[in-house]
Amino acid sequence: MSYQAHFKVWRGDAVGGGLADFEIAVNEGEVVLDIIHRLQATQAPDLAVRWNCKAGKCGSCSAEINGRPRLLCMTRMSVFGQDETVTVTPLRAFPVVRDLVTDVSFNYAKAREVPAFVPPADLKAGEYRMRQEDVGRSQEFRKCIECFLCQDTCHVVRDHEENKAAFAGPRFLMRVAELDMHPLDAADEMGVDRKRSAQEEHGLGYCNITKCCTEVCPEHIKITDNALIPLKERAVDRKYDPLVWLGNKIRRRGE
Amino acid sequence: MTHEERQSWDVVVVGAGGAGLRAAIEAREQGMRTAVICKSLFGKAHTVMAEGGIAASMGNVNEGDNWQVHFRDTMRGGKFLNQWRMAELHAREAPDRVWELETWGALFDRTADGRISQRNFGGHEYPRLAHVGDRTGLELIRTLQQKIVSLQQEDFREFGDYEARLKVFQECTVTRVLKDGERVAGVFGYERESGRFFTIESPAVVLATGGIGKSFKVTSNSWEYTGDGHALALLAGAPLINMEFVQFHPTGMIWPPSVKGILVTESVRGDGGVLRNSEGERFMFGYVPDVFKEKYAQSEDEGDRWYEDPDNNRRPPELLPRDEVARAINSEVKAGRGTPHGGVFLDVSTRMPAEVIKRRLPSMHHQFKELADVDITAEAMEVGPTCHYVMGGVDVDPDTAAAAGVPGLFAAGEVAGGMHGSNRLGGNSLSDLLVFGRRAGLYAAQYTASLTGGERPRPTEADVAAAAAEALRPFSAEGGPDPRASGPAENPYTLHQELQQTMNDLVGIIRKAPEMREALDRLADLRGRARRTGVEGHRQFNPGWHLSLDLRNMLLVSECVARAALERTESRGGHTRDDYPEMDRRWRRANLVCRFAAAQEGAGPAAADPALGQIALERRESPPIRPDLLALFERDELAKYLTDEELTP
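Taken in order, these protein sequences are the chains called U and G.
Heads up: the first sequence at position 184 corresponds to 284 in the working numbering, and the numbers run straight through without jumps.
Heads up: the second sequence at position 453 corresponds to 593 in the working numbering, and the numbers run straight through without jumps.
A couple of the hints might just be wrong.
What the hints assert, rightly or not - Under 7 Å between C-beta atoms, here's a sample of chain U residues computed to sit facing chain G: (1) Gly129; (2) Ala148; (3) Asn152; (4) Val197; (5) Arg212.
To be verified - Here are the simulated BS3-like cross-link-like pairs (lysine-lysine), alpha carbons at most 25 Å apart as the crow flies: (6) U/Lys243 - G/Lys780; (7) U/Lys224 - U/Lys264; (8) G/Lys509 - U/Lys311.
Since the hints were made in silico from the structure, they are not lab data.
This one's a predicted model, so the numbers in the text were calculated from it and none came from an experiment.
Cβ atoms here follow ideal geometry from the backbone N, Cα and C, with glycine treated the same way.
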């Protein structure tokens with residue numbers, strides 16, 4: 101049942117670092133996070149890694165495994181061959197703090213730039229009435245566990261630090277879409293135009309719908325199809341976006 | 141080298157789960173500059189793992205529900221040991237706390253007429269749990285997180301600074317509550333990322349740190365659950381109550397080994413899932429205790445009819461309170477009727493169509509598929525008990541959440557004791573967080589506001605220096621002034637594993653006196669060795685160091701659990717004695733109170749003798765239940781719990 105696996109784990113800090121080699125036991129049913137914990141307990145007690153629930157619910161243990169952004173706790177060792185080297189590196193789009201831990205403050209800064217839900221002025225608490233089919237769309241986006249894998253993989257910022265200032269990333273564009281589709285959000289009445297702000301303040305136009313974000317989402321949220329494209333379509337009557345125009349053309353042709 | 145940053149805030153909240161965030165929102169809305177300190181990133185707290193729902197008697201699905209029914213269910217679930225005033229406030233205020241979340245953007249599942257949908261759960265007479273599929277905790281955390289961001293946006297508009305009046309210090313650990321004389325004066329801690337120390341001066345500190353599950357080997361709890369707030373309160377001189385009551389959730393995953401303990405939500409049973417043993421029998425029908433006999437179905441047919449016609453049938457016994465179901469599973473496995481991996485079967489696949497399972501239990505479907513290669517729409521799950529929740533906690537005033545005897549200290553959520561008595565009902569945790577989180581924030585704010593400038597307590601330099609020295613000790617492991625502390629450096633991970641094994645094996649779901657005495661001996665040995673934990677590397681994001689410091693807390697709370705459990709010679713709720721299997725009415729009014737023994741002698745942080753116990757235990761009588769609340773129950777039912785003297789007016 102058990103076997104010895106070969107691991108390469110990035111160790112270092114903001115100044116620099118490199119891949120360290122480990123031989124380590126793997127047991128049936130284990131996930132990559134189990135192996136990282138075994139390394140801590142037996143070979144590298146100061147190996148830094150973020151984790152919390154170990155059940156795919158909190159989105160803390162994000163890293164890159166063999167170059168692909170994944171949750172350490174939801175990646176089973178059985179997906180790798182027993183003689184395959186498993187390489188674990190920190191999220192590439194964010195600055196390294198230490199080992200597998202990165203500085204994800206970018207995401208918290210972007211979260212603050214999205215105007216909050218605006219409660220309708222004429223309804224008191226307890227008076228909200230919404231139909232399930234109307235809340236369902238936003239509920240899909242609220243499944244987000246904020247693991248930031250989509251933010252890490254999105255090529256708009258992955259290798260383009262310079263785009264970070266103007267681009268909120270898939271997670272927070274999806275947040276704008278979520279609020280825009282909330283049946284009772286009263287942002288309009290407050291003079292907040294969520295569609296325009298997506299385009300003008302959160303960089304929706306940078307997204308060219310390659311669906312990389314959707315592919316890495318551990319919650320299987322259809323970020324591109326259900327949040328970003330509809331948001332682009334809703335924004336389009338306010339601002340011309342050649343990609344939406346092209347996307348519409350292509351999709352109509354396919355129908 | 142040990143120089144630390146120092147700041148001053150009006151209210152400090154330790155912990156950023158449901159209770160901590162709700163407290164922070166309240167304190168900030170009361171006008172207090174409020175700091176939240178949490179060990180993880182903002183929005184990752186253990187609350188995200190709550191699945192089933194928030195219990196609140198809104199009556200959206202069954203109009204018969206109201207706060208009195210909720211109160212009754214809560215008292216029955218806790219076997220009448222609950223602090224009744226807390227149970228009353230909780231039942232009365234929970235609906236407002238849920239509705240308020242909608243005004244902050246929460247999106248609960250809906251009824252056909254557009255209101256918040258409510259689901260059935262163990263021990264609740266009516267469908268009562270507001271939910272979002274089986275990810276209700278995530279919705280709660282995200283809503284509170286986004287409300288905090290919205291308050292920060294207000295402050296940005298007013299002051300040009302998001303953090304002018306509400307700041308989250310994420311990935312920071314508090315190691316000491318600091319005092320000035322008797323009163324709270326602030327907190328001391330370290331930033332996990334850099335290892336730098338900080339001191340925050342504040343007259344009011346709200347503990348909202350959650351539970352203690354990481355002291356047990358098989359647990360549904362995340363790494364943060366190291367009993368920090370329980371230990372901080374003890375060390376600050378506040379008492380803990382009811383620490384013998386630890387809830388083992390009946391349904392945790394048991395296979396593969398690396399996921400053992402991960403929660404399988406009670407919603408599986410609330411929505412129709414059934415428990416079977418290896419012989420295919422729905423064994424729960426044989427485990428309905430006398431106190432609940434009239435309230436549960438006697439046959440499978442009746443139980444099955446209840447889902448469609450709850451007014452004319454009784455609920456199936458799979459929906460008994462958690463302590464009953466966990467004990468039953470334990471007994472079945474011991475009797476040789478367990479599954480291949482030592483649990484029982486939990487089945488929804490034969491009870492509802494695959495699409496319904498995927499819609500109502502999406503996280504469970506995902507979790508079993510990804511982690512165990514099991515498709516729950518096609519086959520049964522294997523489940524067994526897992527350490528889930530501690531009913532015991534800081535002894536608080538029921539109305540204000542103020543900790544007994546330490547002015548300025550408050551506690552809310554799992555770290556507070558009393559509310560749930562000897563056993564918590566599912567769904568009552570999220571409502572507890574909101575109701576008492578708000579109250580703790582409110583009264584902490586009022587307390588600070590009542591002090592004028594010159595009256596504010598200030599931490600002493602000596603205490604700050606002692607706290608820093610305590611936190612640095614693992615870097616200079618061997619030797620030291622105490623001769624007993626000499627010896628080889630210990631690996632903190634090894635000590636943690638031994639502690640978890642000890643508590644799991646000797647103070648677990650079924651307890652007996654010799655085993656608990658053995659546990660106390662082993663804890664004393666571990667305490668001694670914990671003083672020699674040594675860590676490699678430096679202070680920057682060093683998990684070995686963090687664990688060394690968390691061990692102090694886990695050892696303290698484990699001793700509380702073991703001592704109180706040994707003392708209580710009866711079985712009740714989350715405390716089952718093999719040698720005293722019956723519930724004893726004379727024990728109902730007894731609360732066991734734990735105090736940090738060294739604190740009373742005025743000893744310094746590191747002065748506790750490793751060979752002796754650190755916890756002093758005393759027995760205290762709880763106040764009699766208010767007559768109008770007692771009148772909500774039939775006398776026959778009360779006679780099962782209350783002594784004859786209590787029943788005579």
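Comparing the hints with the structure gives:
1. Gly129: It holds, given that the least Cβ distance between U/Gly129 and chain G is near 2 Å, below 7 Å.
2. Ala148: Given a least distance of 4 Å, the restraint on U/Ala148 holds.
3. Asn152: Hint on U/Asn152: holds, closest Cβ of chain G at ~5 Å, below 7 Å.
4. Val197: 6 Å, holds
5. Arg212: 6 Å, holds
6. U/Lys243 - G/Lys780: Roughly 44 Å separates the two Cα atoms, so the pair is violated.
7. U/Lys224 - U/Lys264: 39 Å, violated
8. G/Lys509 - U/Lys311: 24 Å, holds
Figure legend: structure checked against the earlier numbered hints; hints not met, in rising order: 6 and 7.
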